[in-house]
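Student: Working from the sequences, and respecting the hints, build out all of it.
Protein chains in written order, with the UniProt record's numbering: chain A, 1 to 299; chain B, 1 to 299; chain C, 1 to 299; chain D, 1 to 299.
Worth double-checking, as some hints may not be accurate.
The list treats identical chains as interchangeable, and a pair is accepted whether it falls inside one copy or across any two copies.
In silico EDC-like pairs for lysine to aspartate or glutamate, Cα to Cα no more than 16 Å straight-line [to be verified]:
id, residue 1, residue 2
1, 198, 144
2, 106, 199
3, 192, 275
4, 198, 133
5, 192, 249
6, 106, 79
7, 198, 153
8, 198, 230
9, 192, 253
10, 192, 274
11, 106, 153
12, 198, 79
13, 192, 144
14, 192, 230
15, 106, 134
16, 106, 28
Don't read these hints as lab results, they were simulated from the structure.
Number of protein chains: 4
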Amino acid sequence: MSDLHIGLVGLGRMGGNMRTRLRAAGVEVTGYDRDPKVTDVASVADLVAALPAPRTVWVMVPAGPITESVITELGGLLEAGDLIIDGGNTKFSDDMRRAETLSASKIDYIDVGVSGGVWGVENGYGLMVGGPDEQVARLMPVFDALRPEGPREEGFVHVGPVGAGHYAKMVHNGIEYALMQAYAEGYELLEKRVDLIKDVPGTFKAWQRGTVVRSWLLELLVRALEQDPELGDIEGYVEDSGEGRWTIEEAIENAVPVPTISASIFARFVSRQEDSPAMKAVAALRNQFGGHAVKKADD
Amino acid sequence: MSDLHIGLVGLGRMGGNMRTRLRAAGVEVTGYDRDPKVTDVASVADLVAALPAPRTVWVMVPAGPITESVITELGGLLEAGDLIIDGGNTKFSDDMRRAETLSASKIDYIDVGVSGGVWGVENGYGLMVGGPDEQVARLMPVFDALRPEGPREEGFVHVGPVGAGHYAKMVHNGIEYALMQAYAEGYELLEKRVDLIKDVPGTFKAWQRGTVVRSWLLELLVRALEQDPELGDIEGYVEDSGEGRWTIEEAIENAVPVPTISASIFARFVSRQEDSPAMKAVAALRNQFGGHAVKKADD
Amino acid sequence: MSDLHIGLVGLGRMGGNMRTRLRAAGVEVTGYDRDPKVTDVASVADLVAALPAPRTVWVMVPAGPITESVITELGGLLEAGDLIIDGGNTKFSDDMRRAETLSASKIDYIDVGVSGGVWGVENGYGLMVGGPDEQVARLMPVFDALRPEGPREEGFVHVGPVGAGHYAKMVHNGIEYALMQAYAEGYELLEKRVDLIKDVPGTFKAWQRGTVVRSWLLELLVRALEQDPELGDIEGYVEDSGEGRWTIEEAIENAVPVPTISASIFARFVSRQEDSPAMKAVAALRNQFGGHAVKKADD
Amino acid sequence: MSDLHIGLVGLGRMGGNMRTRLRAAGVEVTGYDRDPKVTDVASVADLVAALPAPRTVWVMVPAGPITESVITELGGLLEAGDLIIDGGNTKFSDDMRRAETLSASKIDYIDVGVSGGVWGVENGYGLMVGGPDEQVARLMPVFDALRPEGPREEGFVHVGPVGAGHYAKMVHNGIEYALMQAYAEGYELLEKRVDLIKDVPGTFKAWQRGTVVRSWLLELLVRALEQDPELGDIEGYVEDSGEGRWTIEEAIENAVPVPTISASIFARFVSRQEDSPAMKAVAALRNQFGGHAVKKADD
Numbered sequence: 001m002s003d004l005h006i007g008l009v010g011l012g013r014m015g016g017n018m019r020t021r022l023r024a025a026g027v028e029v030t031g032y033d034r035d036p037k038v039t040d041v042a043s044v045a046d047l048v049a050a051l052p053a054p055r056t057v058w059v060m061v062p063a064g065p066i067t068e069s070v071i072t073e074l075g076g077l078l079e080a081g082d083l084i085i086d087g088g089n090t091k092f093s094d095d096m097r098r099a100e101t102l103s104a105s106k107i108d109y110i111d112v113g114v115s116g117g118v119w120g121v122e123n124g125y126g127l128m129v130g131g132p133d134e135q136v137a138r139l140m141p142v143f144d145a146l147r148p149e150g151p152r153e154e155g156f157v158h159v160g161p162v163g164a165g166h167y168a169k170m171v172h173n174g175i176e177y178a179l180m181q182a183y184a185e186g187y188e189l190l191e192k193r194v195d196l197i198k199d200v201p202g203t204f205k206a207w208q209r210g211t212v213v214r215s216w217l218l219e220l221l222v223r224a225l226e227q228d229p230e231l232g233d234i235e236g237y238v239e240d241s242g243e244g245r246w247t248i249e250e251a252i253e254n255a256v257p258v259p260t261i262s263a264s265i266f267a268r269f270v271s272r273q274e275d276s277p278a279m280k281a282v283a284a285l286r287n288q289f290g291g292h293a294v295k296k297a298d299d
Numbered sequence: 001m002s003d004l005h006i007g008l009v010g011l012g013r014m015g016g017n018m019r020t021r022l023r024a025a026g027v028e029v030t031g032y033d034r035d036p037k038v039t040d041v042a043s044v045a046d047l048v049a050a051l052p053a054p055r056t057v058w059v060m061v062p063a064g065p066i067t068e069s070v071i072t073e074l075g076g077l078l079e080a081g082d083l084i085i086d087g088g089n090t091k092f093s094d095d096m097r098r099a100e101t102l103s104a105s106k107i108d109y110i111d112v113g114v115s116g117g118v119w120g121v122e123n124g125y126g127l128m129v130g131g132p133d134e135q136v137a138r139l140m141p142v143f144d145a146l147r148p149e150g151p152r153e154e155g156f157v158h159v160g161p162v163g164a165g166h167y168a169k170m171v172h173n174g175i176e177y178a179l180m181q182a183y184a185e186g187y188e189l190l191e192k193r194v195d196l197i198k199d200v201p202g203t204f205k206a207w208q209r210g211t212v213v214r215s216w217l218l219e220l221l222v223r224a225l226e227q228d229p230e231l232g233d234i235e236g237y238v239e240d241s242g243e244g245r246w247t248i249e250e251a252i253e254n255a256v257p258v259p260t261i262s263a264s265i266f267a268r269f270v271s272r273q274e275d276s277p278a279m280k281a282v283a284a285l286r287n288q289f290g291g292h293a294v295k296k297a298d299d
Numbered sequence: 001m002s003d004l005h006i007g008l009v010g011l012g013r014m015g016g017n018m019r020t021r022l023r024a025a026g027v028e029v030t031g032y033d034r035d036p037k038v039t040d041v042a043s044v045a046d047l048v049a050a051l052p053a054p055r056t057v058w059v060m061v062p063a064g065p066i067t068e069s070v071i072t073e074l075g076g077l078l079e080a081g082d083l084i085i086d087g088g089n090t091k092f093s094d095d096m097r098r099a100e101t102l103s104a105s106k107i108d109y110i111d112v113g114v115s116g117g118v119w120g121v122e123n124g125y126g127l128m129v130g131g132p133d134e135q136v137a138r139l140m141p142v143f144d145a146l147r148p149e150g151p152r153e154e155g156f157v158h159v160g161p162v163g164a165g166h167y168a169k170m171v172h173n174g175i176e177y178a179l180m181q182a183y184a185e186g187y188e189l190l191e192k193r194v195d196l197i198k199d200v201p202g203t204f205k206a207w208q209r210g211t212v213v214r215s216w217l218l219e220l221l222v223r224a225l226e227q228d229p230e231l232g233d234i235e236g237y238v239e240d241s242g243e244g245r246w247t248i249e250e251a252i253e254n255a256v257p258v259p260t261i262s263a264s265i266f267a268r269f270v271s272r273q274e275d276s277p278a279m280k281a282v283a284a285l286r287n288q289f290g291g292h293a294v295k296k297a298d299d
Numbered sequence: 001m002s003d004l005h006i007g008l009v010g011l012g013r014m015g016g017n018m019r020t021r022l023r024a025a026g027v028e029v030t031g032y033d034r035d036p037k038v039t040d041v042a043s044v045a046d047l048v049a050a051l052p053a054p055r056t057v058w059v060m061v062p063a064g065p066i067t068e069s070v071i072t073e074l075g076g077l078l079e080a081g082d083l084i085i086d087g088g089n090t091k092f093s094d095d096m097r098r099a100e101t102l103s104a105s106k107i108d109y110i111d112v113g114v115s116g117g118v119w120g121v122e123n124g125y126g127l128m129v130g131g132p133d134e135q136v137a138r139l140m141p142v143f144d145a146l147r148p149e150g151p152r153e154e155g156f157v158h159v160g161p162v163g164a165g166h167y168a169k170m171v172h173n174g175i176e177y178a179l180m181q182a183y184a185e186g187y188e189l190l191e192k193r194v195d196l197i198k199d200v201p202g203t204f205k206a207w208q209r210g211t212v213v214r215s216w217l218l219e220l221l222v223r224a225l226e227q228d229p230e231l232g233d234i235e236g237y238v239e240d241s242g243e244g245r246w247t248i249e250e251a252i253e254n255a256v257p258v259p260t261i262s263a264s265i266f267a268r269f270v271s272r273q274e275d276s277p278a279m280k281a282v283a284a285l286r287n288q289f290g291g292h293a294v295k296k297a298d299d
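Tutor: This is the structure in structure tokens:
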């Protein structure tokens with residue numbers, strides 16, 4: 001039980017679930033959302049007015065311009081000693097810039113990378129936190145309410161100063177991309193040999209205990225294959241989000257080789273192309289030196 | 001409790017542990033090993049003589065020539081209706097060839113991919129099986145004894161005909177390579193930013209609950225980092241085994257793109273090179289067109 | 001002018017052009033082809049009968065079973081001291097096996113990797129030769145007739161013993177794949193920025209002199225873009241041939257990292273897929289943990 | 001013969017050679033360099049004073065802060081109608097920003113990607129130009145003096161508006177990286193089979209005529225191998241420059257898959273590491289699940 005009372009901006013899928021989980025743990029939450037059906041107060045200003053000082057506002061809205069505008073608004077409403085927490089998928093360098101700006105008003109800033117997706121409301125959210133020690137310590141009841149059951153250090157980490165939380169989340173997502181691609185390549189290798197592999201879903205299912213590759217993503221793939229054993233209803237079209245791209249940028253910036261993470265992102269790029277300009281160029285080249293009709297070339 | 005009595009050739013780290021686990025489950029096992037300290041009988045012939053018909057011999061020796069010679073010897077000793085199980089890391093095409101040869105003597109053959117390493121004796125072994133239905137059914141008490149606790153289908157699968165078990169294990173290992181490389185790239189991305197990431201081991205530790213990337217391999221990495229937080233005692237030198245290579249060969253053979261699995265294997269190749277001939281060639285090229293001293297080139 | 005008289009089996013696009021080029025250089029050629037319109041003799045046996053001892057027969061038919069059967073037939077017709085040359089795209093290990101077999105009849109064997117495609121009849125063919133020194137020396141007038149004008153060592157090489165010629169050609173083709181892919185990636189990078197890059201064909205054209213990337217493949221890409229500036233008539237569908245695949249297999253066998261060559265081949269695999277099983281699996285995974293509709297997922 | 005008179009800031013290896021080539025073509029050049037031994041005037045201000053209006057100053061200094069400061073200084077000295085040309089390896093987005101800033105003073109800006117390295121003084125430089133049509137047209141005598149002999153469009157291109165020249169050069173260098181890596185992988189494949197490939201330098205030499213892979217880079221590799229047939233004096237340590245990295249960033253930004261270009265850059269990153277943190281992590285993982293000593297692990 002905690003006597004913390006925080007504000008929460010953004011009550012969508014993630015924020016709404018987090019409010020539920022926080023309240024269940026005894027944290028008082030005043031939530032604001034543009035949607036009048038879910039909001040507790042009429043405006044961000046009302047939210048700020050409803051909070052006891054020092055105020056804490058957790059921002060849980062889409063990363064980018066929306067988060068930027070909410071934090072700018074909050075920066076004008078909050079006072080010295082207050083705290084803004086960004087729990088969205090913000091780029092770590094934006095955290096650093098914002099914290100710098102807010103420090104002029106002595107408003108503190110914490111960035112939290114939140115993992116867990118729709119499962120978080122039930123399982124808890126993995127939390128990676130960046131920011132000043134004393135504020136992180138003060139907010140611990142909030143983090144404890146959100147993180148999964150079990151030892152705190154298995155679902156929560158104070159990674160470092162401002163930016164570190166989202167940096168860690170960015171790397172987490174980069175890894176996630178490559179893990180998914182790894183299972184996907186294995187899936188295709190099995191699926192291709194229908195002559196030999198008579199039970200593709202059963203093979204993944206049997207990897208859930210005892211094997212080296214067991215993981216939560218594997219369990220999700222098993223679920224997916226139980227619902228649709230040949231993935232017949234799913235198109236091989238995959239979006240990517242900022243974190244994956246930033247991971248590559250950071251890798252390049254720091255001269256870290258990331259062949260599997262980059263391969264995973266490139267595979268997603270290809271998956272969204274109707275036709276590949278690059279492969280048109282290769283086809284054109286083969287046609288030129290081989291003298292063959294396109295699509296019939298050999299060299 | 002089972003009334004099965006099987007022979008087991010090879011009582012090393014894997015075979016020895018499996019004998020222990022089988023006996024604990026009430027399966028009678030007569031084991032043979034070249035090492036007189038661990039063997040139950042003096043020779044393969046004695047092993048065969050000790051078994052009730054129809055005989056079942058599980059071969060658990062290093063893949064390649066040793067397995068080949070043991071199976072050839074067994075082929076000469078066993079009779080119609082008997083069964084050889086190869087639980088080693090055999091290439092699936094070798095299984096097919098051997099089953100064909102043994103079928104002339106009406107000796108059956110089952111291939112089993114076994115995952116779990118040194119943890120298997122305690123946790124059970126993930127089992128991927130290829131072979132004829134009736135023999136797989138007859139051996140089920142053996143598989144049940146070896147596989148992990150829990151629902152059978154989460155630690156055991158009858159993948160298909162002969163070869164399918166080792167094919168599935170090969171793909172499992174290919175995936176495993178890419179999973180390991182994914183975490184490793186993430187590790188380097190975190191480790192490189194010592195200015196920002198103040199707790200690399202703690203970050204991995206915190207990913208164990210609630211996050212998308214949680215897995216058994218992650219738990220092992222956490223263990224490794226608890227023992228040696230900067231991996232200072234470990235050289236970045238990594239062997240690879242047959243399964244990873246065969247995975248690439250099969251991918252090529254079946255036109256399956258496997259960018260992350262191949263990247264993982266190439267990273268291992270590079271890790272073992274004192275200097276890279278390829279990169280010497282690149283350095284030489286830059287020197288030629290840039291006119292710079294080698295190691296000081298720009299273009 | 002040479003007094004050599006050789007047989008040539010296979011008078012298709014490659015073989016027919018080679019006969020032309022050889023005769024123009026004064027080498028006497030008796031050609032055989034199944035197509036009565038182009039053949040000089042009625043059968044392989046007639047071809048052999050038409051040649052002076054020691055006989056030399058250059059085989060220029062599709063690699064694989066057809067080459068295999070022609071060489072087997074020749075092996076039965078030729079005598080000690082005769083020579084078979086395989087100029088097709090044979091796998092180097094097949095050369096070694098055949099040479100071993102033919103050596104029982106004291107028939108020599110030379111493998112020649114031939115590059116140049118349809119341009120060869122005019123420009124000459126790049127030749128990579130494997131086989132015994134004295135036979136290579138004896139055939140030099142043939143090689144000189146086929147290779148491009150200029151210094152012999154810039155268009156011909158005796159790489160090593162039997163198999164070395166096709167090994168070198170295999171590596172040549174592996175490199176070729178990656179070179180093509182490199183230009184193709186550059187093409188897509190330029191083509192994507194229509195807002196900035198106002199002349200994609202002109203950019204490639206301007207790289208033909210003075211730049212680091214100038215090459216024959218670049219010239220071919222310029223030709224292709226002159227014929228079809230947006231490659232609108234070409235589908236991004238690209239076949240691959242044996243050499244590329246064998247290059248990867250050899251790389252794996254010899255622990256040589258080949259990230260660009262493998263990436264080039266995987267890109268071709270993907271280019272031929274209507275939908276990607278692997279990306280269906282990734283999409284399914286994102287759907288599972290993100291709880292989103294497929295194609296609308298984010299994490 | 002031209003009556004153009006331009007200023008040139010930076011008389012190092014590139015700028016100095018360009019002055020030579022320009023003067024040989026009849027372009028009047030006043031050069032400035034910090035090095036009193038090579039400079040024509042004492043300061044940038046003196047350079048500007050020496051030029052007829054409208055003034056043209058070509059900046060050929062290292063990209064980054066040095067170029068930035070030179071252009072800022074020039075911006076304060078030049079007048080409406082004057083022109084600054086940046087011929088260095090500037091990022092295209094910096095060109096856009098600078099042109100925007102200078103436009104307030106009605107100073108024009110052209111960016112030129114220059115390829116050719118130390119060979120340019122003799123062979124001419126490949127030129128990729130971005131900027132306004134009329135200024136590009138006015139400067140054509142300068143471009144004609146610098147570019148290689150032959151048709152203008154084979155060594156010069158006006159790619160588009162400001163930034164387009166350096167964008168094209170960036171892509172050129174990205175391609176270059178992958179081309180070099182492709183030959184390098186081929187080199188290692190040949191070099192590894194000393195049992196079979198008896199003449200590695202000779203093989204590359206023989207690819208110079210008639211083959212698909214012939215190129216200027218191939219010629220340079222032949223030169224390097226003639227000087228040092230086993231590349232024994234060269235360490236496999238390779239720097240990378242901004243253009244390669246920016247190419248990846250642009251690819252990510254525009255969702256263009258660039259597997260060979262990224263693989264080339266990652267190979268360079270690895271080449272500079274004494275030990276790989278990532279591979280230490282993989283070794284640690286194998287040790288954990290296999291229970292083997294590090295460096296002796298198998299799974």
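Student: Run every hint past the structure and note whether it holds.
Tutor: Checked hints:
Taking identical chains as interchangeable, the C-alpha atoms of residue 198 and residue 144 are never at most 16 Å apart, the minima being 46 Å within one chain and 21 Å between chains. For a Cα distance limit of 16 Å, the shortest separation of residue 106 from residue 199 qualifies neither inside one copy, at 61 Å, nor across copies, at 26 Å. Taking identical chains as interchangeable, the C-alpha atoms of residue 192 and residue 275 lie at most 16 Å apart only when they sit on different chains, with a minimum of 13 Å there against 23 Å within one chain. Taking the shortest Cα distances, residue 198 and residue 133 sit within 16 Å of each other only across copies (12 Å), while inside one copy they are farther apart (55 Å).
For a Cα distance limit of 16 Å, the shortest separation of residue 192 from residue 249 across copies, 14 Å, qualifies, whereas the shortest one inside one copy, 34 Å, does not. Taking CA atoms no more than 16 Å apart as the test, residue 106 paired with residue 79 passes inside one copy only; the shortest distance there is 7 Å, against 45 Å between copies. Taking identical chains as interchangeable, the C-alpha atoms of residue 198 and residue 153 lie at most 16 Å apart only when they sit on different chains, with a minimum of 15 Å there against 42 Å within one chain. When the C-alpha separation of residue 198 and residue 230 is checked against a cutoff of 16 Å, the pair qualifies only within one copy, where the shortest distance is 12 Å, while the shortest distance between copies is 44 Å.
Taking CA atoms no more than 16 Å apart as the test, residue 192 paired with residue 253 passes between copies only; the shortest distance there is 11 Å, against 38 Å inside one copy. In this homomeric assembly, residue 192 and residue 274 come within 16 Å of each other (Cα to Cα) only across copies, at 14 Å, whereas the closest approach inside a single copy is 23 Å. Taking the shortest alpha-carbon separations for residue 106 and residue 153, neither the intra-copy value of 30 Å nor the inter-copy value of 58 Å comes in at or below 16 Å. For a Cα distance limit of 16 Å, the shortest separation of residue 198 from residue 79 qualifies neither inside one copy, at 65 Å, nor across copies, at 29 Å.
Proximity of residue 192 to residue 144 under the C-alpha cut-off of 16 Å is found in neither arrangement, the shortest distances being 46 Å within a copy and 29 Å between copies. Only within a single protomer do residue 192 and residue 230 lie at most 16 Å apart by alpha-carbon distance; the minimum there is 11 Å, versus 34 Å between protomers. In the homo-oligomer, the alpha carbons of residue 106 and residue 134 lie at most 16 Å apart inside one protomer (14 Å), although the nearest pairing across protomers, at 53 Å, exceeds that limit. Taking the closest pair of Cα atoms, residue 106 and residue 28 never come within 16 Å of each other, the shortest separation being 24 Å inside a single copy and 60 Å across copies.
In this structure, the earlier hints numbered 1, 2, 11, 12, 13, 16 are contradicted, and the remaining ones agree with it.
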